[in-house]
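Number of protein chains: 2
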Amino acid sequence: MTSTKSRPTNLNPLITDLAGLDLITDANQIAKLSQDYYTFSPVLQPLLADKTGDLVVRPVNEAEVLKVAAACVKFKVPLTVRGAGTGNYGQCVPLEGGVILDMTRMNAIHWVKPGLACVEPGLKMAAMDKQTRETGWEVRMAPSTYRTATIGGFIGGGSGGIGSVTYGQLRDRGNLQAVRVVTMEDQPRVIELRGDDVYKVAHAYGTNGIITELEIPLAPVYPWAEVIVTFSDFMTAARFGLALSNSDGLIKKLVCGCAAPIPTYFAALRSYIPDGAHCVLLMIAESSLEPLGELIKEFGGTIGYQKTAQEASKGITLAEYSWNHTTLHARSVDSSLTYLQTLLPDDNLALLEHLYHHFKDEVMLHLEFLRVAGSARPAALQVVRYTTEERLNQIIAYHESKGAFIFNPHTYILEDGGMKAIDIEQLKFKEMVDPYGLLNPGKMRAWLERSRL
Amino acid sequence: MTSTKSRPTNLNPLITDLAGLDLITDANQIAKLSQDYYTFSPVLQPLLADKTGDLVVRPVNEAEVLKVAAACVKFKVPLTVRGAGTGNYGQCVPLEGGVILDMTRMNAIHWVKPGLACVEPGLKMAAMDKQTRETGWEVRMAPSTYRTATIGGFIGGGSGGIGSVTYGQLRDRGNLQAVRVVTMEDQPRVIELRGDDVYKVAHAYGTNGIITELEIPLAPVYPWAEVIVTFSDFMTAARFGLALSNSDGLIKKLVCGCAAPIPTYFAALRSYIPDGAHCVLLMIAESSLEPLGELIKEFGGTIGYQKTAQEASKGITLAEYSWNHTTLHARSVDSSLTYLQTLLPDDNLALLEHLYHHFKDEVMLHLEFLRVAGSARPAALQVVRYTTEERLNQIIAYHESKGAFIFNPHTYILEDGGMKAIDIEQLKFKEMVDPYGLLNPGKMRAWLERSRL
Ligand SMILES: Cc1cc2nc3c(=O)[nH]c(=O)nc-3n(C[C@H](O)[C@H](O)[C@H](O)COP(=O)(O)OP(=O)(O)OC[C@H]3O[C@@H](n4cnc5c(N)ncnc54)[C@H](O)[C@@H]3O)c2cc1C
Ligand SMILES: Cc1cc2nc3c(=O)[nH]c(=O)nc-3n(C[C@H](O)[C@H](O)[C@H](O)COP(=O)(O)OP(=O)(O)OC[C@H]3O[C@@H](n4cnc5c(N)ncnc54)[C@H](O)[C@@H]3O)c2cc1C
Chain A
1 MTSTKSRPTN LNPLITDLAG LDLITDANQI AKLSQDYYTF SPVLQPLLAD
51 KTGDLVVRPV NEAEVLKVAA ACVKFKVPLT VRGAGTGNYG QCVPLEGGVI
101 LDMTRMNAIH WVKPGLACVE PGLKMAAMDK QTRETGWEVR MAPSTYRTAT
151 IGGFIGGGSG GIGSVTYGQL RDRGNLQAVR VVTMEDQPRV IELRGDDVYK
201 VAHAYGTNGI ITELEIPLAP VYPWAEVIVT FSDFMTAARF GLALSNSDGL
251 IKKLVCGCAA PIPTYFAALR SYIPDGAHCV LLMIAESSLE PLGELIKEFG
301 GTIGYQKTAQ EASKGITLAE YSWNHTTLHA RSVDSSLTYL QTLLPDDNLA
351 LLEHLYHHFK DEVMLHLEFL RVAGSARPAA LQVVRYTTEE RLNQIIAYHE
401 SKGAFIFNPH TYILEDGGMK AIDIEQLKFK EMVDPYGLLN PGKMRAWLER
451 SRL
Chain B
1 MTSTKSRPTN LNPLITDLAG LDLITDANQI AKLSQDYYTF SPVLQPLLAD
51 KTGDLVVRPV NEAEVLKVAA ACVKFKVPLT VRGAGTGNYG QCVPLEGGVI
101 LDMTRMNAIH WVKPGLACVE PGLKMAAMDK QTRETGWEVR MAPSTYRTAT
151 IGGFIGGGSG GIGSVTYGQL RDRGNLQAVR VVTMEDQPRV IELRGDDVYK
201 VAHAYGTNGI ITELEIPLAP VYPWAEVIVT FSDFMTAARF GLALSNSDGL
251 IKKLVCGCAA PIPTYFAALR SYIPDGAHCV LLMIAESSLE PLGELIKEFG
301 GTIGYQKTAQ EASKGITLAE YSWNHTTLHA RSVDSSLTYL QTLLPDDNLA
351 LLEHLYHHFK DEVMLHLEFL RVAGSARPAA LQVVRYTTEE RLNQIIAYHE
401 SKGAFIFNPH TYILEDGGMK AIDIEQLKFK EMVDPYGLLN PGKMRAWLER
451 SRL
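Keeping their order, the protein sequence lines are chains A and B. Sequential numbering from 1 applies to the first sequence in UniProt numbering. Sequential numbering from 1 applies to the second sequence in UniProt numbering.
To be clear, the hints were calculated from the coordinates, so they are not data collected in a lab. Where hints are given, some of them may not hold.
Copies of one chain are not kept apart here, so a pair can be met inside one copy or by any two copies together.
Quick list of in silico lysine to any residue cross-link-like pairs, SDA-like style, CA-CA up to 20 Å [as the list claims (entries may be wrong)]:
hint, residue 1, residue 2
1, Lys67, Arg105
2, Lys113, Gln310
3, Lys32, Asp233
4, Lys113, Glu286
5, Lys113, Leu289
6, Lys307, Leu116
7, Lys113, Ala219
8, Lys297, Arg194
9, Lys130, Glu286
10, Lys67, Gly20
11, Lys113, Glu290
12, Lys297, Leu193
13, Lys113, Glu311
14, Lys420, Asn393
15, Lys113, Tyr222
16, Lys76, Leu349
17, Lys76, Leu11
18, Lys307, Pro114
19, Lys113, Lys307
20, Lys297, Glu425
21, Lys67, Ala19
22, Lys130, Pro114
Looking at chain A on its own, in the form it has when it is part of the complex:
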């Protein structure tokens, strides 16, 4: 990936056009606001470490976003949208400098109806959840970074998370109702997308317009109890997780399984998990705790701890040991560790069992159960003992050869990390809304290679 554009040298005319807006020109601050969590990847580290923008703008409303878009188009300056910068693959790291559009000041909730909220993109997901919960509704799914991550960044760069065991992923119809986006045309304008059209900008890494408003479906609030269940045998833990995820009568929000020795990286939880044990971390409706007990009995699990929703609301929360927080805790103990993201086939855990025995300690299994087209499956966010990029690629290739689908977290290219295929609808939309290719340049393969398509 070599950049063809030279960096804008003189931003003064642009800065003049943006007079009155909240600008950050301090190089240190800009450098900080140019980074995300790609550092989880030893492959991405050298590629992105020195990338920075040239100016940060923090709009407070859509009118200001339109102003920034117009100025960037006028001077042909790249624009990279940023939420909280918690992405894992350098999604919001500007490859060609330019403006970082920090959305965190656009954080209002416009309205909440039963099952639906209209919000601004810079709203932190925890803040959104807190406010909508007062009306009896909560966020359907959130990344484990919900305390800092923005809803716009989740839609722009995330995939699913806590809640996906019930509602599937962001890409599933019904989990995103509508978006408003500002374009980067000569005359920037606002487009509202509803229905399936939302996928023209969802999970596009901010390359297809600047999201300024979203309608997000909500879930009813349950009091969520938290439970740690431990097992002496990993495959039993995995089978328990799958059975629970497929138990239609049990209401759950998180089913996360970690093979030993992953639990040893969870300092605050260690006393609840025997040495050598495998654990399953759960968020489950309080009213489902009693039948959960029967399922635990059936699988021979042991309860490490069980907290009511009230108790769980204080102190540590299991959510922050799940999804990529598992990786975070592992890396905070041993920074040579990295990770993979894998969707396992619907084969009753046969491939999982094979992979568990095949890779042993080199690829430690961390499972997140989620719904895919109506039934539960494990996704694996394996913690990997990294040696070389070559070996990492061998591991990936082995998974793929066996029928697992890898969402490669060691690339910042949209398509290579995701569904692999070029999304023609997204490309056509980009050609319309970003004709100069100024939005987060270098991230969308379809755009880079469009002359060959």
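Following the hints, put chain B with the ligands in place on chain A, whose structure we already have.
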């Protein structure tokens, strides 16, 4: 099935023991309270038409139930529990006379917590729903008879219904939290069953104790919109129903598909369904209507009507065209029609398509989608053009030979209508709580044949 017991001739001593209780001794009224909807079955009609109890007792609390149980044991009088008598297979028809224990006066709600309610068995399900909804929680699943059916009767003789597309069936762990039952021992007592133990009395046709209290898990309230979608091709309608049922991001309560000519039996809906069209009747969260529109588009369906929750709360409700109300409407036009109940395999509708073409008009397909172990499947409540019992049995045998599972509605024997197998746990429990076999005698095969087991 021949009865070995002679009917109690003189009930006066029993009546004396029950002085002060609400008794019905009028023969006409007793006869009425001895019947249910077995009349849907031309096979059951001649077997049950003349069966009546000898006395109806209507207890108002558990203490009175204990009193009735003690008196029946003392005089060895059969006791058959009755809710609203809306069962389809003569579940509450007394085969050997005796006492009909009408539970409808025990209809209090003891408490409602988030996700859970504690109620008395004689509570009508619509009344329960109305009251719990005020706290933001509703009944998870209900039969289409919810207006009159009692919760005790649903647990005693029902299987699932409106809501099962999300929560599965009553037999699924988590859908019944606890029950209290009065036994028929020499010293009748109250037993509380929790966890998996509830299945010792759930769906036992009142042969394993008299339920006096239940803890029933609840679902969060959504505003339920109602939609009729029509299709010119039946298999497309079925595929749409399956896809919707498996759409994790769409919140639904009812997905009911009816092949032509079934919709012609729906007088009040006829103007919304073109002649010859197949229809899918839906209850769907208002917030999911927009993405539903995309799914309808994808399958080429046409919206017959769409009502908001507010509009749907007045006038006809689609729920009362679904489940066995479909059969009811068909039979009210043509009383020679009968029905079957079938669980189709998880084969992507292959067998369904075969059966549709194989039986044509003789077996009209009515589908109810429901969750089974985590994924959606169609159950069929086919409307059958009845000719002879022999032909009906041929039809059943053909289904079974192809891998469909028939829950035969043409038998009043517990095991023959349900899972076919003898439930050893239920039998062992019965031996303890009903040593004289007085509860609803003649219904449980395991008990009748226990000497051979
Ligand atoms: C420890 C850890 C755990 C994580 N767990 C999860 C998880 O469970 N599930 C998950 O999906 N992800 C997870 N992530 C990744 C990330 O935290 C989430 O996807 C998060 O929602 C991103 O939000 P953000 O505000 O930080 O977005 P950013 O990182 O700032 O942006 C993400 C992408 O969206 C684009 N974008 C941001 N705002 C807009 C906008 N208004 N308009 C258009 N494009 C926009 C950006 O350009 C960028 O490409 C995790 C990351 C870490 C480090
Ligand atoms: C048109 C129509 C539609 C229907 N739709 C459905 C449907 O969608 N789903 C479904 O599952 N069923 C359905 N049914 C069957 C029936 O309506 C339901 O199962 C209903 O819940 C039964 O409740 P009830 O109060 O009428 O019970 P009853 O018919 O009075 O009793 C049912 C059984 O439970 C026992 N019982 C009742 N109360 C107690 C108690 N307190 N303790 C112990 N045992 C007890 C009785 O002895 C009997 O064996 C339908 C029937 C009709 C006629």
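Hints, one by one, checked against the model:
In the homo-oligomer, the alpha carbons of Lys67 and Arg105 lie at most 20 Å apart inside one protomer (16 Å), although the nearest pairing across protomers, at 70 Å, exceeds that limit. With identical chains, the CA atoms of Lys113 and Gln310 are at most 20 Å apart between copies only, with a shortest distance of 14 Å across copies and 26 Å within one. In this assembly of identical chains, Lys32 and Asp233 lie within 20 Å of each other by CA distance neither inside one copy nor across copies; the values are 43 Å within and 59 Å between. For the homomeric pair Lys113 and Glu286, the shortest alpha-carbon distance between copies (10 Å) is at most 20 Å, but the shortest distance inside one copy (25 Å) is not.
In this assembly of identical chains, Lys113 and Leu289 lie within 20 Å of each other by CA distance solely across copies; the values are 14 Å between and 29 Å within a copy. For the identical chains of this complex, Lys307 and Leu116 are inter-copy neighbours only, at 18 Å across copies versus 29 Å inside a copy, given an alpha-carbon limit of 20 Å. Taking identical chains as interchangeable, the C-alpha atoms of Lys113 and Ala219 lie at most 20 Å apart whether they share a chain (11 Å) or sit on different chains (18 Å). Taking the shortest alpha-carbon separations for Lys297 and Arg194, only the inter-copy value of 14 Å comes in at or below 20 Å, while the best intra-copy value is 46 Å.
Only within a single protomer do Lys130 and Glu286 lie at most 20 Å apart by alpha-carbon distance; the minimum there is 19 Å, versus 23 Å between protomers. In this homomeric assembly, Lys67 and Gly20 come within 20 Å of each other (Cα to Cα) only inside a single copy, at 11 Å, whereas the closest approach across copies is 84 Å. Within a single copy, Lys113 and Glu290 get their C-alpha atoms only as close as 32 Å, which misses the 20 Å cut-off; across copies the closest is 14 Å, which meets it. Proximity of Lys297 and Leu193 under a CA criterion of 20 Å is satisfied inter-copy only: 17 Å between copies versus 48 Å inside one chain copy.
Only between protomers do Lys113 and Glu311 lie at most 20 Å apart by alpha-carbon distance; the minimum there is 17 Å, versus 29 Å within a single protomer. In this assembly of identical chains, Lys420 and Asn393 lie within 20 Å of each other by CA distance solely inside one copy; the values are 16 Å within and 53 Å between copies. Proximity of Lys113 and Tyr222 under a CA criterion of 20 Å is satisfied in both settings, with 17 Å inside one chain copy and 11 Å between copies. Taking the shortest alpha-carbon separations for Lys76 and Leu349, neither the intra-copy value of 51 Å nor the inter-copy value of 55 Å comes in at or below 20 Å.
For a Cα distance limit of 20 Å, the shortest separation of Lys76 from Leu11 inside one copy, 11 Å, qualifies, whereas the shortest one across copies, 98 Å, does not. Taking the shortest Cα distances, Lys307 and Pro114 sit within 20 Å of each other only across copies (16 Å), while inside one copy they are farther apart (28 Å). With identical chains, the CA atoms of Lys113 and Lys307 are at most 20 Å apart between copies only, with a shortest distance of 18 Å across copies and 30 Å within one. With identical chains, the CA atoms of Lys297 and Glu425 are at most 20 Å apart between copies only, with a shortest distance of 18 Å across copies and 49 Å within one.
For the homomeric pair Lys67 and Ala19, the shortest alpha-carbon distance inside one copy (10 Å) is at most 20 Å, but the shortest distance between copies (86 Å) is not. In this assembly of identical chains, the alpha carbons of Lys130 and Pro114 lie at most 20 Å apart whether taken from the same copy (15 Å) or from different copies (18 Å).
The structure fails hints 3 and 16 (numbered hints given earlier, in ascending order).
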